[in-house]
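Novice: Each chain, written out:
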Amino acid sequence: MTKQRKWFAIPGFLTLAAAAAILSAYAGASSTQGNSPVQPVPFPHPMHVQTLKMNCVYCHFSATKSPDPGLPAMSTCMGCHTVVGTTKPGVQKLASFANKKEPVPWVRIHKIPEYVHFPHMRHVNAGVSCQTCHGNVQNMAQVSQQNSLNMGWCVNCHVGRSNPPFKARYDCATCHY
Amino acid sequence: MSSETQKPGVRRREFLKVVGATGAAATAIGCSSERVEKLIPYFVSPDETVPGVSTYYATTCRECSAACGVIAETRDGRAIKLEGNPDHPLNRGALCARGQAALQGLYNPDRYRTPMIRRGGRLEKTTWDEALKVFGEKLAEARRNPVGVAFVNRHQSGGLGPLLTTWLTGMGMAPPITIDPDADHAAIAANREAYGFAWPRLEFSAARLIISFGADFLDGWGASVPQQLDFADARAKGIDAPRFVYVGARRSLTGLNADEWIDARPGSELILVQMLAGTATAEQAAQASGVSAARLTALQQEFAATQPAMVIAAGSGPNGLELCRAANALNRVRPSTGITSFEGSEPTSHLRALGQRMQGGQITMLMVHNVDPVYMLPRSSGFAAAMAKVPFKVSFSSIVDETSAMADLVLPDNHSLESWGDAQPLSGVVSLQQPVMDPVFDTRALADVLIQVSKSGAALTPLPDYRSLLISRFPGGAAGLAAALPRGIASGSLPQAVVGRPLPASVNANPGNGDFTLVVYHHPVLGFGDGANKPWLQELPDPVTKIAWQTVAEIHPATAKRLGVENGDHVLVETSAGKLSLPVFMYLGIRPDTVAVAAGRGHAESAGRYAKAGANAFDLLSYSEDRAGGIAYTATRARVTKDGTFSRLVTTEGSARQHGRGIAQAVVVTDLGTGATREAGGSEHAAEAAPQGSVSGANQERALGQKAAAGEHGAEAGEPEFPGDASHEFLPGLRSPTANDAQGELGGPELKSKEKGMYDPKHWSGMANRRWAMAIDLARCTGCSACVTACYAENNIPTVGADWQGSKFLPDRTGFGANITRSREMSWLRLERYFEGGEDGGSDFETRFVPMLCQHCGNAPCEPVCPVYATYHAPDGLNVQVYNRCVGTRYCSNNCPYKVRYFNWFGYGEPARAQYAFPEPLNWQLNPDVTVRGKGVMEKCTFCVQRIREAENRATLEHRGVEPDEFTVACAEACPSRAITFGDAADERWSVAKLVNDERAYHVFEELNTYTAVVYLKKVNHPSSSLVSAGSVPSAASTPGGH
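So the sequence lines, in the order shown, correspond to chains A and B.
The first sequence maps to residues 0 to 176 in numbering that gives the first Met the number 0.
The second sequence maps to residues 0 to 1042 in numbering that gives the first Met the number 0.
Just so you know, these hints were derived from the structure itself, not from any lab.
These numbers were taken from a predicted model, which means no experiment stands behind them.
Certain hints may be false.
Stated by the list, open to error - Below 20 Å or equal to it, Euclidean Cα-Cα: the simulated EDC-like pairs (lysine to aspartate or glutamate) are: (1) B:Lys124 to B:Glu919; (2) A:Lys166 to B:Glu957; (3) B:Lys755 to A:Asp170; (4) B:Lys934 to A:Glu113; (5) B:Lys132 to B:Asp407; (6) B:Lys641 to B:Glu838; (7) A:Lys64 to B:Asp514; (8) B:Lys641 to B:Glu604; (9) A:Lys100 to B:Asp46; (10) B:Lys761 to B:Asp986; (11) A:Lys64 to B:Glu72; (12) B:Lys578 to B:Asp618; (13) A:Lys64 to B:Glu957; (14) A:Lys64 to B:Asp407; (15) A:Lys64 to B:Asp618; (16) B:Lys761 to A:Asp170.
Claimed, not checked - Simulated restraints on C-beta separations: (17) A:Gly78 to B:Glu987: 27 to 33 Å; (18) A:Phe165 to B:Gly672: 49 to 55 Å; (19) A:Ala19 to B:Pro810: 34 to 40 Å; (20) A:Gly84 to B:Thr955: 24 to 30 Å.
Virtual Cβ for every residue (Gly too), placed ideally from N, Cα, C.
Isolated chain B, as found in the complex (with noise of 0.2 Å):
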């Protein structure tokens, strides 16, 4: 201060004073938040209902085509979480991400949430009295000219669709338009004629050679559940497994799955199962691909010698129904069954013909149901101009999108999981459809709907609603409704939809002129449209580009570096049918004379908040159809070049190769069972040492012992750098040596007290004797992310892409995906996806996926770090988070070496907060069992402690212990690979206890001496016979592990 005159200096001190008794005087006063909370009871209680208990139902899930079976678990009424019926013959316990995905669509927070009807240009609420009304006067009316009346409706096995086709065809109207949006057409009308049914139920364990031309069965392509883990068990049959190589323009991640890529042009598929069947030259071949003649003759020599082979085709352009007679033809592994869920679906071009009737005036009524043809049909075939021609439309459907929009009368029907049916997967098998729980919102089953207005005409049945009718319908009625409905499925036919309208003449525009073809595909986990509105999904990274909340255009580093582009420049993508700017993302599975943009994003802001992120892949497609009805997605010519604007990618991939750090290791298939395996596939530095092998048991001179007398531990094995060197030594439970509170023996002499207390294994609890761990198997994972959708679901984690979620205060970033762009996603396990080889650019190149998620580590970086002791080693092995302790500071993230801690930067998990991730009433979804973090926590991978605590305390009430494999986490037990194994490895009747001494075994980061819990198998790699017994690839020992 200076010696200035008194008036600044009182000034501050007036200041001062004043703010120093008000802010006491604000303290004073106390902060109560007291708010009262009341308790509601039940009116009557409902049966076998506990509360804080979850009561299981089996169901149907309806998100694609397959009919796989769930198990919905519900609590208080809500639905919290969806598992596979272990029962169902079909998906046998397991769900895919879009499975999972499904309670989001039931707790949409853009459904309707009443009827809708069109008044002065708007859609506005109002009662189903009303609409009813209405929609009786309408039908009346169209009943005067039935041919003028159409109705869409989404492919769906069970009695829905006849029941419609009943109620339509009875008022003299024509049968319904039966869309399955995800099918391929030319295959399916190819299996018919070649098998007698529509979708084969693919036998890979009897082929020993797979060959797909574009066939992407693990992402899409048909029943992807059962698919995938039929792939997964014949690929685990080591030296007998079928070796698998992809034909296509683009590697989709069923690409990445095999073992070589052959990268044809877009369109000749079919030159190249000529050229194996014997009716064309390799050199046509060649000429027509683009493919080396070298590499062709290669896999026809294969082909030859390796029998049977499997050849399954999609198609996808313009000959796709040539292709897919050509492949069943060539096809040495005929399927015996059928999955016939997949019968009675009809192509696109019903639709399409549809919209040229609506264009030329013809129709006069239009009703549809689940199906979005405004957003699934590109543009260019019209169909949405042509709808706003109907006088009047009605939608069916239960949450907005493009379509329903357009309507006049929306009466929203009840999801899935709100509704009655049935369903035929397999023959011989019916799977049951029930409620779960009571409807969200003011929504009518679609077949209720119809029950009770044909009441007033010809009625559909003298029963008052559908439930009824189904009942009516079952063998033993209602009582073997009730038997049956627990398990699921139940043994029967359904009667099979008929399917026999004859095919409208195909349409086929002009590609126009580029020196790119345009190849656009059906998302992994979003389709053609249908999951853009879940969050999960959004914000689930696509397994292939890891891009999420944003349309990218992928094209090949050599064509980047020649358009003068890099990962996020903008280029502008022209077609005849339109052009988008979209960020480059640069992918070496893709030719270089092809550009690749994913479907399903970019839709119209009529469809809601999250829909509406990314760009419209449609809108680039010029309409064309191939010979069996279906759209062509490959039959567009592009002109690529680049704009001079850029985006930041939306992606979660920090780097695609491994830089020499072992993270995702691999053996050739021909190294199982020689020893050979243990050194195969490492690190620079965890070459040299033997891995983390561990051994289960208490005796800790034991398992030195068993360490000595083990040759194949590695020769290089040598004394151990310090007691308790973790390449070196082991002990047993996968802990760490040096961790002196969980073995004090080793802790050295300065420690002041042996007392353990729950660390000691003779503690009463036995806490001690349990070492939680998980075994992952990289030979089986296919890198779909089921398990990453799992675990949301299970543990409330918050999505963070949304463009309000951004930072309010002085954002930098905004719009769809900006959180992600400053790494704040939140998912607590990730897929890795790494690629070795291919560096020339070339198609040879492996890929590599891991699934990381927080380790457990015996020694853990993140334990000794925290201020506060908020996290810290439980005595069972579990790496704990207590997020009340927790004050923010993310040194736990910080040393955390797999990058696997997440930090709430925002309120995701606060209703107050502007960046809340549950708006109402996605919050219903919310599991009670486990805490739901607010800003400033940090959090991670728990291995489902809730349901290890659930196992328990069932034991405890039981008077027993908790048996061996009793309970899995979420994410084990959804993965369609059945790659994850969870469990205690420290009792050797666990699973797990004996996977973590496979051979394949390893620890990531193993040399850092962190004591992982979870253990990798290392991925058998399948390289091509000629190419091993010809000394062109490395043998075991030195295979590149990631250079």
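So that you can see chain A by itself, here it is in the shape it has in the complex (with noise of 0.2 Å):
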């Protein structure tokens, strides 16, 4: 190499090498996990599922039922609320959005690409439990994501890595269509 060719090539190398370096911590999939955004009303999962022992399926009502595992609608908490613990601020919170006629507008979690289709009630119905995927739910007082929900993460379970193993398709076309 020609001493003027090197500083050119040299420094040219470096930043190839060095952006390559930075790319990279950004490849593989991309992913929500730990994202624990703040809800507009502060709904407590311990105090419904643990102390008032509510089932998931009470609220998130679809889950048996459909690809969407459903959010309760304002009426399922109005239910109750318009009379228990109507002291506490996010219950109060709650009746303002609900005096507006105004349904609460929650910040998605979890969240897997467009391309992929998730069905929730295959899996609720084959035993699968929400723990599994959403983590202990039920101690979360702010709910964060605890698994990426990343293809690679799925399929483990899919291909029979899990504990105790599940029986299920790992065709593309039974997700990706």
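Fit chain to chain and form the complex, with the hints in mind.
Specialist: What follows is the structure, given as structure tokens:
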């Protein structure tokens, strides 16, 4: 290499190498793991699930019937909260929405890309507990995403590497269509 | 680098350092596109609504007058797909392309979103309160001069017409002029005289011969869906099927489905009917029609020998009424029932007479509902100019159009899918109409507006709205209606509309001079203009010409040669009414002295962003009526000259001929059941090979044994050329024997592992025991293309022909259809149309329609060439495309011999990109179960995998297996001829498993050993019996299959 060429080539290669290293840190599937946004109403799962022993499906009613697990309608919440806990600040915040006849705009926590179709009812009815994927939501004062929900993480279970192993299809067109 | 001074080198070095550093910095900041997404729950959860699961409502389609039953699939309160209602006796589960496209009328971005009022010369948004206040004031004023008020209403079977009439006559005003834009008034008038009802239920199965004089019963004349289904059923009777002869100057889609075409001069059809009736001689008829006396004599003999013959005629010329009367008199298959939804419309002469009264200043207030007379009536009728003189005009249109653009007040009606109503399609049957979702925009139903406005005077009803009125009239009231609505039909009778207004004297314009006759015809899907604002219908290639988004002048190839033009060269078509410069389309199916132009396109700017594509054929028509009051569309003479300009044809046609490829094969009806069907009609290559008939079942040895025993599988079948050679050996479930991940045993000794995983038939999932397959019966397919539109609706397929969807960077082609001229149409399913015969330019040619879609080949050429394994063969037989893996190499499309793979050249599915195909609210229609593909991704037919998964999920939830024929794919569900059957070919309980074994079954390009899952059943031709016995039509084995 000529003397002049190296002043041009070496910084160039170093830059490329640095860029590759930085970019590779962003490589791999992105995920919202660890996502724990603040919700407009500070709904406490521990109170409802552990103390009051409410079943997940009481609110997330379509998890056994539909790909979409469903969110409770405001009427489900107000069914109790018109009279229960009305002095609590969280309930009052809930009531402020209900009195304006507005649904609470929950912030989405778990999101998978739109080219994947995940059917909740197949999993729930096959005996996969909610906690398997969503973690111990009953202990979370503010729900956070416990698992990456990336394809590799899902496929682990589908190819029989979970404990106990499940029988699930791992054909691509099972989820990608 | 040279050894120059340091300066240039230092600059370069500095430049690289800077670029390198900023580049790294940019990546270090990173791309964090975290958008906060909200999840909004219901306030009160609606009953029986499960998010993520569709809710279905039965209602009535109002896209034409037939009133077929529709089941609307809604998801989260939005209608996403329409299917035919299987319980409805008229359409019995099928739905045509116009019906499917009703969703694009509902979600059209050019709909009126609020009431509009004209201020300062422009229409401006206003509120309902204000609009109704103005309406009330104007009505009060108009009541002082009730004869000066006119209401033009769209004909619609049911209670709305009588309600409107009661409202108008209650104020002393004339009843509404009730217009059906698609109706053939000559036929209706003749039918009333002959049979007592306006439209017969045509009984094709009772006929041995059908002669149609221009009556396009398969593509828009009357009730297309039941007519198509009844016709397909009649033709499926094989040797007992009626032969079909079409007489007309232009061979329409219906004509292409006929066994014979008599290319008679427009207007001469009457003499031909008289010839058949015996009151004219063949020589006189030959003289008038330009058809040889020999052919006409043969027709006479056939008519005499083949009875009962059904004779039907359409009135498109000045002598339309006389023609229809004569045809009805000759008709030996007298209909026993009528399609009652056609009762009550009035001829367009009433509109023309209204125009004359408006011109004379007699009309002070005009109200128009769902009709577009400014477009529909030719400019030469003077309607538009006359309407401008009316002081106050009200439109109830739900979408922008030329007529409402002239209005002073727009009170937008709900779309039919947002409305309550009823209809009487058949005697004793009431078809119910209910809203399938809340109104998309701030619109109100016409009936509700009338009820509200009438309350200030003589109230139409004490009830608050139209829904309450319908409930009060329904037997059993609210409970009765609620019980009947899920099925969508009820028994009963609605009061019939009374039609009794005397006909205005007809207008006969001078046809002008010119050596051509101009035929303006009703477009199969755009009608006389209604469909032009729906991109699905604009993009649907016309079944006959394969032209989309464009208006062409159709002329005979010999005429084109004489004029010195070829496809795309413009001709100037001049008539006494106007002139248009149109690109030429050479078409065998038209008389050399005739030029045909399709109606429906070329709307004004005021009609929205899609409808202005093409040119307006009505500008050429000199307004003339037949004696039944309908417009005469073939009464104009034209001069056609080359004008020197050129436009590319916006066409999806590659070639009109098969060139020996054997894609569309046919047999003669006399071959059925003789075993001769196997060899017949093949390509030059496949003629030697026995076809890939399939055998259901799982035992390969049994299959081979059966093959040896069944002699009709071709005596020529010798030893296989290599193991699994498609022409000699066949494996169960249409699988390819050479794909070693599907059939490990035949994979050869070099296979490292015998582990087949999910491809093992013994795998617990059982996926490998299924073979999803499809049988398409070419004898039933009429080419109507309802399947194409159904596929667009189900699978979020983008339309690409709008004028904003072309390339933005250095655009090479612009305008409507630019992308289609670059072969970028996205239709997963397309109709191929091939002509056979007629190379001499004569009228004796045959047409074969082949629906072409991804064949899901067992031995797919597209699968091994994908560098990233984005396409592969699933164990249940599907060829799967994984959109997120695709990097856009396009090698798969390159390798596909059927060319059924489509690439997203632009971001048709990405809202941020300029070429987005679904401007709000068209995107409300998108199916949430199907991925919307972005730029750079390959897509193709998936055999509606989302429906397969839905059926499997439902079955698993109910702890059972999927039942045979439990579900089907979108194209099969829509087809009005029932030509497509889908299912599991490896399970003999499914219907498709029997069809793939049919004697007429073949695979396209089977000599390529692709082992397609789509099996076609050869078209059945019915040549004239006299021709067959005389030996002039070759018998089975050498029927030309595509030269």
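Novice: Taking the numbered hints from earlier one at a time, note which ones the structure violates and give those numbers from smallest to largest.
Specialist: 6, 7, 8, 14, 15, 17 and 20
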